[in-house]
Structure formats: structure tokens, C-alpha cells
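Chains G and A, in that order, give the protein sequences.
Count along the first sequence from 1, then add 5; that gives the number in the working numbering.
Count along the second sequence from 1, then add 8; that gives the number in the working numbering.
Bear in mind the hints are in silico, worked out from the structure with no lab data behind them.
Glycine included, each C-beta is placed from N, C-alpha and C at the ideal position.
Be a bit skeptical, because a hint or two may be false.
To be verified - With a straight-line cut-off of 20 Å between C-alpha atoms, the simulated EDC-like cross-links for lysine to aspartate or glutamate are:
(1) K32(G) - E220(A)
(2) K93(G) - E25(A)
(3) K110(G) - E220(A)
(4) K110(G) - E218(A)
Claimed, not checked - Just so you have them, the derived chain G footprint on chain A, three or more residues with Cβ under 8 Å:
(5) 220-228
(6) 293-301
(7) 324-334
(8) 337-346
Claimed, not checked - From the structure, some residues in chain G lie toward chain A, with a derived Cβ separation under 7 Å:
(9) R29
(10) K32
(11) L50
(12) R51
(13) R52
(14) D54
(15) D60
(16) N61
(17) D108
(18) S109
What follows is each chain in one-letter form.
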Amino acid sequence: MNDPFIIAGKTFKSRFLLGTGKFRNKKELADSIASSETEIVTVALRRIDLDRHEDNVLEYVPKHVTLLTNTSGARNAQEAVRLARLAKASGCGHWVKIEVINDSKYLLPDNGETVKATEILAAEGFVVLPYISPDLYTARALVKAGAATVMPLGSLIGSNQGLRTKGLIRVLIDEIDVPIIVDAGIGAPSQAAEAMEMGVDAVLANTAVATAANPAQLAKAFALAVAAGRSAYLSGLPAQCPTASASSPLTGFLYDNPQ
Amino acid sequence: MITLNKIQQILDDTRRESIEEMAREAARITRQQFGRAIGLYTPLYLSNYCSSHCTYCGFHSHNKIERIKLAPEQYRMEMGHIQAQGIRNILMLTGESYKHTPLSYLKEAAHIAGEYFQGIALEVHPMQTDEYKELFAAGVDGIAVYQETYDRKRYAQAHLSGYKKDYDFRRDTPQRAAAAGMRQISMGILLGLSEHVAEDLLALYNHVREMEQSHPGVEYALSFPRLRTVKSQEFARCDIDDAAFTKILALTRVLFPRVGINLSTREDPRLRDHLLEIAITRMSAGSNTAVGGYTLLKEENQDPQFDIKDDRSVAQIAALLREKNFDPVFTDWRRIENSL
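Let's have the full structure, built from the sequences with the hints guiding it.
Now the structure itself:
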């Protein structure tokens with residue numbers, strides 16, 4: 006099946022993205038990247054130490070995988086822009102996931118500041134993947150600002166609560182022309198499949214994988230679920246129906262033979 | 009929010025199964041929120057000059073100890089030593105002396121620390137918002153300021169003279185530091201200083217809530233040092249035993265899922281290793297609480313602020329964490345040019 010996933014002109018086979026935080030050790034991260042065959046991983050610049058070889062998370066990300074540096078720790082647009090520029094200057098590439106969070110309790114993204122950072126960075130040539138609370142106006146502004154994708158959260162980050170924002174994400178699927186990647190809150194492969202069946206273009210997971218007893222096994226399960234959900238979406242999945250339905254209960258009379 | 013009665017009830021309930029139940033809940037939340045990552049930092053004592061007289065502290069102004077303040081070329085050596093261990097987060101400390109370690113001294117230390125470290129925090133005398141702004145611009149991202157106790161009467165008894173005597177100025181310090189743009193603020197109480205432990209905890213929790221509401225973008229961390237003996241003098245009003253200590257950390261985690269919880273070298277290694285499973289997210293490593301203690305001075309020639317129970321090196325701590333399936337995090341911030 007020819008179903009390329011394209012971001013900023015780059016084609017990917019996998020629609021599963023993996024975050025790199027919270028793993029018990031770097032080997033489990035490397036194993037999860039390998040088992041899931043993910044092609045995009047996101048790494049917080051704040052956790053990258055280029056000087057410490059054995060602790061440098063980048064050493065565990067294979068060369069064929071696209072590195073998506075994120076601006077974790079930024080509290081406003083200005084800080085996100087500085088972190089993105091630093092990432093590029095330290096050789097981490099120009100793909101950046103904008104994370105602007107000014108609430109340490111709920112870790113919800115600040116959509117307004119995210120738009121501002123996207124405008125600046127996209128104009129500088131970065132491939133910008135902004136992380137947002139699902140909101141149509143924000144998403145439109147991001148597209149206008151040059152965002153390569155829009156990454157709405159499924160539920161609170163790290164919560165494993167799944168697609169609590171389903172209705173709002175559906176609006177984005179219908180109205181926004183760049184890829185929609187569900188990021189945050191996806192706690193099980195079934196939830197990832199649910200998002201994919203609905204028509205999102207890709208799913209990013211981290212906490213669920215990193216904190217599983219066997220991260221590599223769960224990472225693979227996520228990748229399979231994402232692929233299954235995509236396949237279901239492309240199949241023209243029939244909608245669910247709350248009751249059994251006769252073929253034409255309301256208009257059948259038109260075809261009855263009047264006596 | 010939790011009530012005083014509920015906290016008291018938890019502290020009074022010494023049944024083994026209730027402690028275990030609370031620890032399990034805390035451990036679950038800690039893992040979900042932080043995974044198995046443990047942040048590491050090292051304290052660097054710049055000076056032991058102090059103008060405050062706090063009865064429980066080895067640095068207090070009336071104590072006839074040798075006073076030392078490191079010059080830039082001296083703390084550069086200390087910084088180089090700490091950096092070489094792999095540490096990227098530094099906590100610089102001084103006694104509380106506006107005269108000997110003024111803003112200009114701290115700013116210079118922050119600028120120089122920026123050559124060695126990514127995350128720079130200070131535990132020094134409380135300052136005004138504008139002074140914190142200058143420190144923030146100089147690269148300081150974190151401030152640690154402990155109220156020690158929220159029990160005003162006991163506070164007055166334990167803080168006899170100097171700036172630290174001003175309870176309200178100290179209590180408002182986190183607000184001023186946050187207003188100046190600081191990213192991390194550590195707060196806490198000195199367990200054992202007041203016998204009214206439940207009241208102290210409630211006041212601390214309320215203080216953190218107040219901060220979370222006024223400055224939600226700051227990352228808050230809590231520390232619960234236990235009052236220890238300094239040179240055989242005893243100041244503790246009550247003994248927080250290991251079980252009570254464990255309950256306090258677990259309760260704090262349950263009430264504040266996202267807040268960092270620090271554990272200092274003052275706790276013995278065995279307890280520390282167990283508490284890592286329950287609530288801890290950050291710990292110091294390779295700590296020496298003597299001024300110039302890493303490279304310049306022989307420790308035995310000097311009185312440290314506190315006796316340290318854990319003298320394991322950074323490498324030993326990292327190895328131990330890995331052995332226990334934790335990921336030691338040396339780098340948790342990338343310095344950017346700070347501006348408001």
C-alpha cells in the first residue's frame with residue numbers, strides 16, 4: 006500500500022513517533038527505537054550533554070532516525086526560540102518541536118506563545134512541529150505561520166488518559182491541511198489505534214513506553230497499533246451505530262406496493 | 009486541600025500497613041510523573057561568613073570558626089573539579105552575609121559558573137526582586153530558600169539576630185524570586201526545629217499552593233532536611249524518625265505530584281536509597297559542605313555547616329542509581345540568555 010507520511014517534504018514509512026524522556030536507561034530507549042522502527046524521535050535539548058559520551062542521549066538515536074529536538078523548559082516564545090537556535094547551533098538539526106509550557110503543575114502548552122515562536126522559527130527555516138492544546142484558531146494561525154504539522158494533545162501529558170480531546174482533534178483533522186500528530190496522554194496502543202482510525206496522521210508516545218515493564222515490547226505494540234489504525238482509516242472504516250438497523254426504516258414506504 | 013487534622017492523623021498513624029500504602033501511592037505517582045530519572049547536582053560552598061545567628065547552624069555569626077570566602081580563582085578550581093565529575097547543575101551556597109557576599113560577588117560567581125555548568129542555583133541570603141532580576145540576567149535559574157519553620161514563636165527563638173530574624177521578609181522570598189523570572193524555586197522546612205510538625209507541614213503546603221497559583225510556570229521543589237547535631241549541640245524539639253520522615257515525603261508526593269523532592273547528603277545512604285523508590289526526584293552527589301572543601305582545604309581543618317552522612321562520589325552515586333535501575337540525570341537545563 007502506497008501511503009507515504011510526509012512532513013516538510015520528507016517521507017516516512019512509520020507514523021509512530023517516540024519521546025525519549027523517563028526511560029530507566031539509555032539501552033531501553035535504544036531497544037524501543039529499534040523494535041518500533043520509529044523514524045522520528047523527540048529529545049529535549051535540556052537533556053542533551055554533548056560532552057558526556059555515555060550519557061549523551063544522541064548516541065542512542067540511530068543516524069537514519071530524524072531527530073526532533075524539543076524546547077522543553079521554555080516558558081515563553083522567546084525562550085523557545087533561543088533553545089531552538091541553540092539546538093541547531095549544537096548540531097541537532099533544524100527539526101524542532103515547540104513546547105512552551107508555563108504551568109509546572111498541569112504542563113499544558115501555551116498556545117499563544119507557541120504561535121509566536123512558530124512564526125519566528127519557521128521564517129528562519131526551521132521545520133516546526135508545534136505542540137498545542139487542540140484549538141482550531143491556534144491551528145489555523147500555526148499553519149499560517151509556517152508550521153509543518155500540528156501536534157494536539159490527547160490528554161494531560163504523562164497521564165495515560167487517552168483521547169480525551171477527541172472531538173476537538175476531529176475538527177483539526179477536518180479543517181487543517183498539514184499533518185495532525187496526536188502527542189501526549191496516549192497511554193495504550195488501543196488509544197493510539199483509536200486516534201489513527203479517526204484520521205490523525207501520526208501518534209507520538211513516551212511515558213507509557215518508558216515506564217512499561219518492557220519498553221521495547223510496548224513500543225513495538227504501539228507501532229503496530231498505529232499501523233493498524235491507519236490501515237483501518239484508509240479502508241473507509243464504517244461508522245459505529247448504536248442500534249441494529251434495518252436497511253430503510255424511514256423511507257421504505259416509498260417502495261411498498263400499495264394495495 | 010488537606011486539613012491539619014488529616015496531617016496529624018497521618019503522622020499519628022504508625023501502623024506498618026498505612027505507611028506502606030501511602031508509600032505505594034507516592035511511588036506510583038513519582039514513576040508516572042518522573043519515570044526513573046533522578047536529577048543530580050552538587051553543592052558548592054563559596055563562603056561561610058554569616059551575619060545571622062541561627063541557633064542550629066554551624067555557620068552562625070557567634071560561632072568562633074574560621075571564616076573563609078573563596079576568591080574567583082579559588083572557586084574556579086572547585087567548579088572545575090565538580091564539572092570534571094560530570095555534574096552540570098550547581099547549587100552555590102553562602103552564609104547569609106550581605107556584607108561579605110554582596111550581590112556583586114554572587115553575580116560574578118554566577119557569570120563564572122556559566123562557563124562550567126548549565127543549571128545554576130543559589131542558596132544565599134534573601135534579596136529584593138530587582139536583585140534577583142540581576143542574578144537571573146547573570147545566569148542564575150534557581151533559588152533555594154527555606155523558611156526552616158512556619159511556627160513564628162519557634163522561628164523567633166531559633167533566629168536570634170541578623171537579617172534572618174525577619175520572618176515575613178523570608179517568607180515572601182519565593183514570591184520575589186519568581187517575580188524576577190527564576191525557573192526553579194526550592195522551599196522547605198527544617199524538620200525537628202518545631203515540635204508542631206503537622207502545622208509546619210500545612211503551612212508549607214499552603215505556601216507552595218500560593219506560589220503555584222501566583223507563578224504557575226516555576227518548577228517548585230521541596231526539601232525536608234532533618235535537624236542534626238552540630239558539634240554535639242542539640243537543638244531539635246522533636247525527633248522525626250525514619251518512619252515519620254518517609255510518611256512526610258510520601259504525603260508530599262501524593263499532594264504535589266509534579267513537585268520535585270530533594271534529598272540531601274545529610275541522610276544516610278541506606279535510607280536515601282529506599283526513599284528514591286518512593287518520592288525523591290533530585291539528590292546531591294559528591295557533596296562537601298566545607299568552603300573550599302573539594303580542592304582547596306582539608307576538611308578536617310574546617311567546621312562544615314552540617315555533618316555529612318553520605319560521602320559517596322558522583323561516580324559512585326551514578327553507578328548505584330544505574331544498578332537500581334534509575335537513570336542519573338546530569339543535565340537538565342540548557343543555559344540560554346535570561347531576560348524577562
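Hints, one by one, checked against the model:
Of the pairs offered as hints, the one joining K32(G) and E220(A) is violated, with about 36 Å between alpha carbons and a cut-off of 20 Å exceeded. About 52 Å separates the Cα atoms of K93(G) and E25(A), which puts this hinted pair outside 20 Å; it is violated. The hinted pair formed by K110(G) and E220(A) meets the criterion: a straight-line CA distance of about 8 Å does not exceed 20 Å. At most 20 Å may separate the alpha-carbon atoms for a hinted pair to count; K110(G) and E218(A) meet this at roughly 13 Å.
Counting residues of the region 220-228 of chain A whose C-beta lies closer than 8 Å to any C-beta of chain G gives 6; at least three are required, and the coverage claim holds. Only when three residues or more bring their CB closer than 8 Å to a CB of chain G does the claim for the region 293-301 of chain A stand; here the count is 0, and the claim is violated. With 3 residues having a Cβ less than 8 Å from any Cβ of chain G, the region 324-334 of chain A passes the three-residue criterion, so the hint holds. Counting residues of the region 337-346 of chain A whose CB lies closer than 8 Å to any CB of chain G gives 8, so the stated coverage by that chain holds, three being the minimum.
The restraint placing R29(G) at the interface with chain A holds, with a minimum CB-CB distance near 4 Å, inside the 7 Å limit. The criterion of a C-beta within 7 Å of any C-beta in chain A is not met by K32(G), whose closest approach is roughly 10 Å, and the hint is violated. The interface hint given for L50(G) holds, since its Cβ lies 5 Å from the closest Cβ of chain A, which is under the 7 Å cut-off. Satisfaction of the interface hint for R51(G) is found here, the shortest Cβ-Cβ separation to chain A being roughly 5 Å, below the 7 Å cut-off.
With 7 Å as the threshold, the beta carbon of R52(G) comes within range of chain A, its nearest partner Cβ sitting at about 6 Å, so the hint holds. Interface restraint check for D54(G): the shortest CB-CB distance to chain A comes to about 4 Å, inside 7 Å, so the restraint holds. Because the closest C-beta pair between D60(G) and chain A is about 6 Å apart, less than 7 Å, the hint holds. Checking N61(G) against chain A: minimum C-beta separation of about 9 Å lies over 7 Å; hint violated.
Residue-level restraint check for D108(G) holds (minimum Cβ-Cβ distance to chain A is 4 Å; threshold 7 Å). At its closest, the beta carbon of S109(G) sits 5 Å from a beta carbon of chain A; the interface hint therefore holds under the 7 Å criterion.
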